[in-house]
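Trainee: One-letter residues, chain by chain:
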Amino acid sequence: MADWRVQRKARDARIERGRVHAEGKLVAASAVVDLLEAVLLPGDRVCLEGDNQKQADCLARGLSACDPVRVHDLHMVQSGIVLPEHLDIFEQGIARRLDYSYSGPQGARIARMLYGGQIALGAVHTYLELFARYFIDLTPNVALIAGVSADRDGNLYTGPNTEDTPTVVEATAFKNGVVIAQVNAIVDRVPRVDIPGDRVDFVVEADRPFYVEPLFTRDPAAVTETQILMAMMAIKGIYAEYGIRRLNHGIGFGTAAIELLLPTFAERLGLKGKIATHWALNPHPSLIPAIESGWVEQIHCFGSEVGMDRYIRERPDVFFTGSDGSLRSNRAFCQTAGLYACDLFIGSTLQIDLQGNSSTVTTNRVAGFGGAPNMGSDPHGRRHPSDPWMKAGEEAGGTGDPALRRGRKLVVQLVETFGDKLVPAFVERLDALELARKLDLELAPVMVYADDVTHIVTEEGIANLLLCRTLDEREQAIRGVAGYTDVGRGRDHAMVEALRARKIIRRPEDLGIDPLDADRSLLAARSIKDLVHWSGGLYEPPAKFRNW
Amino acid sequence: MEKLTFRHRTAKPLPGTKAQAITGVVASGNLEVLMERSLAPDECIVEIDTAINGYGPVWEAVVSDFVARRQPGGLRITINDGGARPDTVTLRLLQGARLMEAV
Amino acid sequence: MAMSPVSLSADPLDQSWYEASARARLDALVDPGSFEEFLGPEQRVMSPHLPAFDLPRAFDDGIVVGRGSLGGSLVLLAAQEGRFMGGAFGEIHGAKLVGLLRAALQVRPAAVLILFDTGGVRLQEANAGETAIAEIMRAIADLRRAGVPVIGLIGGRAGCYGGGGLIAGTCSRLVVSEGGRISVSGPEVIETNKGAEEFDSRDRALVWRTMGGKHRRLIGGADAFADDTIRAFRDAAREQIGKAPAFDLATLEAEQARLEARLDLFGDARDATEIWSRLGVNDPAAVPGLDTDRFDALLARLPEAPHDAR
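Protein chains in written order, with UniProt numbering: chain A, 1 to 548; chain B, 1 to 103; chain C, 1 to 310.
Each hint should be verified, as a subset may be incorrect.
What the simulated footprint calls covered on chain C by chain B, stretch by stretch (three residues with Cβ under 8 Å from a Cβ of chain B suffice, anywhere in the stretch; the number is not a length) [as the list claims (entries may be wrong)]:
#1 47–57
#2 78–88
Here are some, though not all, of the chain C residues that point toward chain B, as calculated from beta-carbon distances under 10 Å [said to hold, decoys possible]:
#3 S21
#4 R23
#5 E36
#6 G40
#7 R44
#8 P245
What the simulated footprint calls covered on chain B by chain A, stretch by stretch (three residues with Cβ under 8 Å from a Cβ of chain A suffice, anywhere in the stretch; the number is not a length) [as the list claims (entries may be wrong)]:
#9 49–63
#10 74–83
#11 91–100
Because the hints were derived from the structure by calculation, they are not lab data.
As the structure is a computational prediction, the values presented were derived from the model and not from experiment.
We put the beta carbon where it would ideally sit given N, CA and C, even for glycine.
Please put together the full structure from these sequences, using the hints given.
Mentor: This is the structure we're talking about:
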């Protein structure tokens, strides 16, 4: 007789071993190592919640303090590699395999450890892809998650940074896994239940509040004239032309400049209500002036942002909030929303090749991609029409009955031709290919594939790749906006002028924009302090962004 | 540091009467551009002191494009560069030309 | 356009002092079109030392000096460019300010205005820079004794540090904005020498609480608090010229007494908020968030209002 409950029994045994170190579900911070050593088994698949922002840091410190003789060869499946401990455990032998999505701050160290063979890499995923695999073939045995507070039954309040937690818990708790949560406080009654207690097996009261990275704050004081020029071109040449109302912005000063130009430049163009009304977006402080000026109807968030909680609480018509009043974010839902319900994604990158493939991976930094590959891809599962989507589809061409023609999502790369230290953004060959060769990866880590990109905006102009009909045209369109990089200087001048005549390439002057008008006085806010004023004092920026 | 000099002939002088103008600041990724109306009306000389070596061909291209676009005849242009990107250089040159065109 | 809670005006006088270049500050500060530069960029009086360090030079060596009229009166002015080498004092930079101050002794303008924006002495030209600091302080003392007020205006990115902080201490009057910082040792220097536990230089709220404009105004380290606009600095400078104290024994003794009393009152405080509380501020934590009007109102209400001396 087959035993259909092997996993269930193993789970029960893990919980029983853990209970020795708990009082009910509650575990003291001092007992974290004992708890983890009791619950974990060698070779387990573990999700140590490292989101884009929120970090289960107390549990991360505990895991890295475990005895590698007892806990070893773990397979880590988590979206963010953010804290030093996330990599320490690989050096210690506690972990061996890694499947992840994003690793901004640890990108350089990941690269070194990959080269050194300390990490066996599965793949660098998109967020939705990794979440999907949680339910198919990368289901965690143990999830170590973070919340703001919990009651004694394990009901969990995640706070505004709900982020990945519901997805991770869903996959773990309903498939014989163990869920351990760290919280800032144990309370009698949580403000709202984000995760029901019957999905949480242990609750650790952390020694200090979990760390949140303020990833989405861009100081308007650092926005340059070049970024303002590019923002003007994007607004006039793309947002206005296609009538983009539903959209997602990547992080960066270029997109911050667009947000800060909505109540000024875009308002003067009469675009209010016609563009940028519905968003899949983290609560960017730089969007406050547009929100306060009545531009924005609603925003669904992947996560929150440090300092924005009070502001969001006072703007429930715009944001998704719980009955307690605070933001409810959800990365899986927001990524899905950005993929299927937005007509435009615009973001930056480090490298673009001659066909339009882009990557933020270089040979010494494996930063991963965050949300860009999901937002920045054309969803073939989409079926509902919208004006921008249909117009883009028409521009992309195609034959046969128009009623059978797919629309196209607009995927825009907003990139300055040279980055820091005069490193060119346009290259003949992506560094990602070199990395793939050295690490013997089957797939080069590409952020946005060439066939998904529709427009490239640089300070030199806009290239509309939808209108290109041959690979050669596409290459010259890209060279034609690549400025003074080697790629740009290698252009065929006659062909670029021909593309300009067909409006495949558009210069600022073709759009009626004088580069000398790109002035910081166009920004609705020129400092963090201005953003505070716009918010009526509700935005509370973290200390590192203040100069008062 | 690298010193570069480019001499161009222009079809016409830059309009305006302003004798000199300065724009920009020498800082990381930035530059200052001094323009003086002191040459023959069909002549333009651009002298550059740059903090980053090895970008001669890029400077040559940036300066040629600027000269073709604005025809800055009569101008001696002197640049102190703190490692600015080409687009910033172009922007400063255009700003300087606009200042010089003021009556 | 919707009502904006921040100024979107393109008038040069409404521009941010903090953001503006030294030249933009000067141009808008004086009566329109009245600024006349000495040793302008076309003279190319540049640092003789920086090429030896393979560093780029600036035509004005980071300081613009000249004359202009302010409300119709002749003033001499110097403005440091905080973005060029942190506005630091090199040989030429220092000599230009010394020269301006000495010229003022002959010209007798209504005032000399120094628009500070400096991290102190330029490391590559330290000896010349240190000498210049001493010469500048001497020249300021001579000028003040001759009855010419020297007004310092502080609100730039680099603040007013090192030798700049010492020079500021010798001025007749100081105007500061919220973004302006005045001190001798900078935040990073303190952290390097005393550790992050003593002073975390990345905690910007702490840095501004300790060295920023509001704190300096509250403890009498500056005489006027201005909004971060060129117009506000212009108005405050005009007002302070009229309030410059006599440079005599009585003023110096009063200043000495003021500083001693300040040390007695606050010498053991661990944080600026403690000082503010002892000054009689009811809600010290709210001070950084106050706008200029409410901050001035608070100053007026204080039982221990910062008094004038210098």
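Trainee: Confirm or reject each hint.
Mentor: Tested hints:
no.	hint	verdict
1	47–57	holds (count 5)
2	78–88	holds (count 3)
3	S21	6 Å, holds
4	R23	7 Å, holds
5	E36	13 Å, violated
6	G40	8 Å, holds
7	R44	8 Å, holds
8	P245	35 Å, violated
9	49–63	holds (count 6)
10	74–83	violated (count 1)
11	91–100	holds (count 4)
Of the hints listed earlier, those the structure fails to meet are numbers 5, 8 and 10, in rising order.
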